[in-house]
Amino acid sequence: MSKYTEDDLREELKTKEYEYGFYTDIESDTFPNGLNEDIVRAISKKKEEPDWMTEWRLEAFRVWKEMAEPEWANVHYEKPDFQAISYYSAPNSKPKYDSLDEVDPELLATFEKLGISLDEQKKLAGVAMDVVVDSVSVATTFKKTLGEKGIIFMSISEAIKEHPELVKKYIGTVVPQKDNFYAALNSAVFSDGSFCYIPKGVRCPMELSTYFRINQAGTGQFERTLVIADEGSYVSYLEGCTAPSRDENQLHAAVVELIALDDAEIKYSTVQNWYPGNAEGKGGVYNFVTKRGLCEKNAKISWTQVETGSAVTWKYPSCVLKGDNSVGEFYSIAVTNNYQQADTGTKMIHLGKNTKSTIISKGISAGKSQNSYRGLVQISSRADNARNFSQCDSLLMGNECGAHTFPYIEAKNKSAQIEHEATTSKIGEDQIFYCNQRGIDTEKAIALIVNGFSKEVLNKLPMEFAVEAQKLLEISLEGSVG
Amino acid sequence: MDLKDKLVSSFMAFENSVDLDAPVHDVRSEAIKSFEDKGFPTKRNEAWKYTSLNTVLKHDYSVFPKQENALEYSEIKKYFIHDIDSYKIVFVNGKYSSHLSQTTHDGIDVCLMSAALTKPKYRLIIENYFNKAATKDSLSSLNTAFSQEGAYIHIPKNKVVEKPIQILHFSTGNESALMLQPRNLIVVDENSHVQIIERHQSLTENPVLTNSVTEIFTNKRAIVDYYKIQNDNHKASLIDNTFIKQKRESHASVHTFSFGGQLTRNNLNFYQEGERIDSTLKGVTIIGDKQHVDHNTLVHHIEPNCESHQDYKGIFSDKSTGVFNGKVVVDKIAQKTNAFQANNNILLSDKASINTKPQLEIFADDVKCSHGCTIGQLDESAMFYMRSRGIPEKEAKALLMFAFSNNVLDSVKIPEIKQRITKIIANKLGVNIGFDL
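For the record, the sequence lines run as chains G and L. The first sequence runs 2 to 483 under the numbering used here. The second sequence runs 2 to 438 under the numbering used here.
Be a bit skeptical, because a hint or two may be false.
[As the list claims (entries may be wrong)] Reference listing, derived: stretches of chain L covered by chain G, where coverage requires no fewer than 3 residues with Cβ under 8 Å from a Cβ of chain G:
| id | region |
| --- | --- |
| 1 | 148-162 |
| 2 | 354-360 |
[To be verified] Simulated crosslink set (DSBU-like; lysine-lysine; CA at most 30 Å straight-line):
| id | chain 1 | residue 1 | chain 2 | residue 2 |
| --- | --- | --- | --- | --- |
| 3 | L | K398 | G | K348 |
| 4 | L | K369 | G | K354 |
| 5 | G | K80 | L | K50 |
| 6 | L | K50 | G | K357 |
[Stated by the list, open to error] Partial list, derived from the structure: chain G residues whose beta carbon lies under 8 Å from chain L:
| id | residue |
| --- | --- |
| 7 | P51 |
| 8 | M398 |
| 9 | N400 |
| 10 | T406 |
| 11 | P408 |
| 12 | A423 |
| 13 | T425 |
| 14 | N437 |
| 15 | Q438 |
| 16 | R439 |
| 17 | G440 |
| 18 | K445 |
| 19 | L449 |
No lab work stands behind these hints, which were simulated from the structure alone. A quick note: this is a predicted structure, and the numbers were derived from the prediction, not measured. Note that CB positions come from ideal geometry on N, CA and C, so glycine has one too.
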């Protein structure tokens, strides 16, 4: 066997094409390009929304018009032209099906390629899937089991119709319309997303999961997710995505709001694998996401994310620790390759007493990519005995990539205890040598080391997801990670 | 008229008062333009996010210092490290005070910026080094535009300067508010070694704003140890901009001791332009009342095989605020860099706050870079241990805080400075113990 050098790895990395790059041709019902109040109204009308929702969207749109795109992130890209995007697209076939047979066969084929055949999903994983193909939910399973427990798990457009009181009460409370440029845009034009409500004292018996996909040329996807865990309840929510390969840049601006009431716990896991662009850095998805959770007394929110895709990622899942004794956690692996750019991290806002937060962030950069961690830990003057631990580790592969750390730490309380540490290194030659010596080839050795490096985060993922996440890590770093 | 307009319109008068034909005339004119464009930094500027100059800038500063006020050495002796023999360059209200100073031209040049800028024998050095390290940001530009007086130190090859050099700036009470802009240039040639102590001291109850720029060049294998003692009164503010360019195998260290002043901003920048360079940045900050201290550091690793060490400790009580903004940049070719950065803070009051932002920007893969940052309190069990052995609370606290800042003091190479700092710390913590238990 010829010697496998790091140069070979790099070569392989460069030539590795996006495995899930395929495109399903489904007739879509698409709006003309551009955005104005009429389009916002039309989206709202199309979704058969009540007036308050239409007004809410319009309010967001008016704020958005006045706002400028954020410039502070450590990413460089061509600004999307917001008037050249179509803001609504839904698969043309009837929106709801009674059985899988009625679903567009092409769509089913897509799922099969992705390895998420609904049948299998139903039987195997015990995961309720709310599959979103381009903005409209086409299948919801396990609804019955959930219904018995009083758990509401449906698309947000259905929820607006069926549970307006809940949606009205909570939407925009954690991420207000005017929070930031992309959150405002999302509030104005969001097409669909998921809604989840866990009643008091209920422990959700299964992992809830949604698949998001961008499937129509030129349509940005604006998902809106709202998860409410009522007092003393528990839910684990999974979100994962792969997107077909496309040349023009696609915009994805989602908003996720989590509300954990007293003593509730929400675990939110994401595997993100949008199309990262080709080896020349052409194409790829722009991922500008606002994710935030609010913790009331004794509540806990835990974010876990595996970020492997997207040309540009701009994402800071945050926790507002409002109630006393609440806990926030953030576990992240961000992998960038080729020309990908990621600026990701978290914000932990400590408002209540005895609040705790943990941040574990692992960045792996290869190729010509730039990977930044940007985080904020803020201890307000009322937050007595707040505790934070942050750890940000970066792994560099090759000397054309960059790893950056921008932690902001603001403490206004003398009883706060904050620790932050960050390291940047490459895979040690001695580590590889050690493996080689024991008959493990270089490629496998690197895989082993990267897996070990990210283990702390991978361990936090639900079992079904951990497998997929590991697979994604492998694909993203194929060549260097066998 | 706000301060910016005042400064810009004073520039012509300033230029006329100094030598128009001086080679630095163009540099000054360019700098004032740059300042005029940028203005004073505001909180919108990322580097100034946590430090607002508004309260400092609102005074009506007189920008042209008047003639020197006679000061007697006995009055100000306590501000010197007086128990060691040293060269001294002393300025009163920005003007050189010859009777308080002790300069030299014997083998080394320890003299005045004003002389260096005008006399032909310094021309070559000025051309090669003046304003070559300072950045074009607004405050440095402002200083460059008004650069006229300060310390000029040139150590030629293979010289170990046998005694430290003290640079002291005093301001006295003649003006209602005074702005000073000292400019220092320090060039240390191959294999030479120098130790420098810098201090700014206001002797008046009126507001004083100092915007100082120091450029330091360490050539091959040179060693520079620089100590900044900042223990000014509560009406004095200091913006200190220090730029250090290092050539290969040189060692430079800067220790900053911030105990006083209304607002202190330290912009400390290291540029490593050669291999096997060592840079050390250390600081102790102990403040109270409404004081504000901001450490803004940059270490730019440009060449391979270099090291940098940063260690900043802060203790904040009352309504004081502290900022640490440390940045380490490692260029693509700077392989085998070893960069370490630590920032530890203790908050003693709920009204005090600390904002810290340790940044790493790394473009090379074979590097070891780490940073750590903590905010915490005094260890209760350690307190209990000491109190149960009869050490009063105040002294026990002081001992712990001294221990906390001790490893910064450990690397101070002049014992007299260490003693002085220890005394200031004891004073600051309100105890009368020597810490040499």
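Now for the hints, and whether the structure bears them out:
1. 148-162: Since three or more residues must qualify, the claim that chain G covers the region 148-162 of chain L is violated, with 0 doing so at under 8 Å.
2. 354-360: Result for this restraint: holds, n = 7.
3. L:K398 x G:K348: Answer violated: L:K398 to G:K348 is near 33 Å, above 30 Å.
4. L:K369 x G:K354: violated, 37 Å
5. G:K80 x L:K50: Holds - the C-alpha atoms of L:K50 and G:K80 are around 26 Å apart, at most 30 Å.
6. L:K50 x G:K357: The given pair, whose Cα atoms are some 26 Å apart, holds under the 30 Å limit.
7. P51: For G:P51, the interface hint is violated, since the closest Cβ of chain L sits about 41 Å away, which is over 8 Å.
8. M398: With a minimum Cβ separation of about 7 Å from chain L (threshold 8 Å), the hint on G:M398 holds.
9. N400: holds, 5 Å
10. T406: holds, 4 Å
11. P408: The hint holds - G:P408 has a Cβ within 8 Å of chain L, the shortest such distance being about 6 Å.
12. A423: holds, 5 Å
13. T425: holds, 4 Å
14. N437: violated, 18 Å
15. Q438: violated, 21 Å
16. R439: This hint is violated: G:R439 lies away from chain L, its Cβ roughly 24 Å from the closest one there, beyond 8 Å.
17. G440: Because about 26 Å separates G:G440 from the closest Cβ in chain L, which is outside the 8 Å limit, the hint is violated.
18. K445: violated, 20 Å
19. L449: violated, 19 Å
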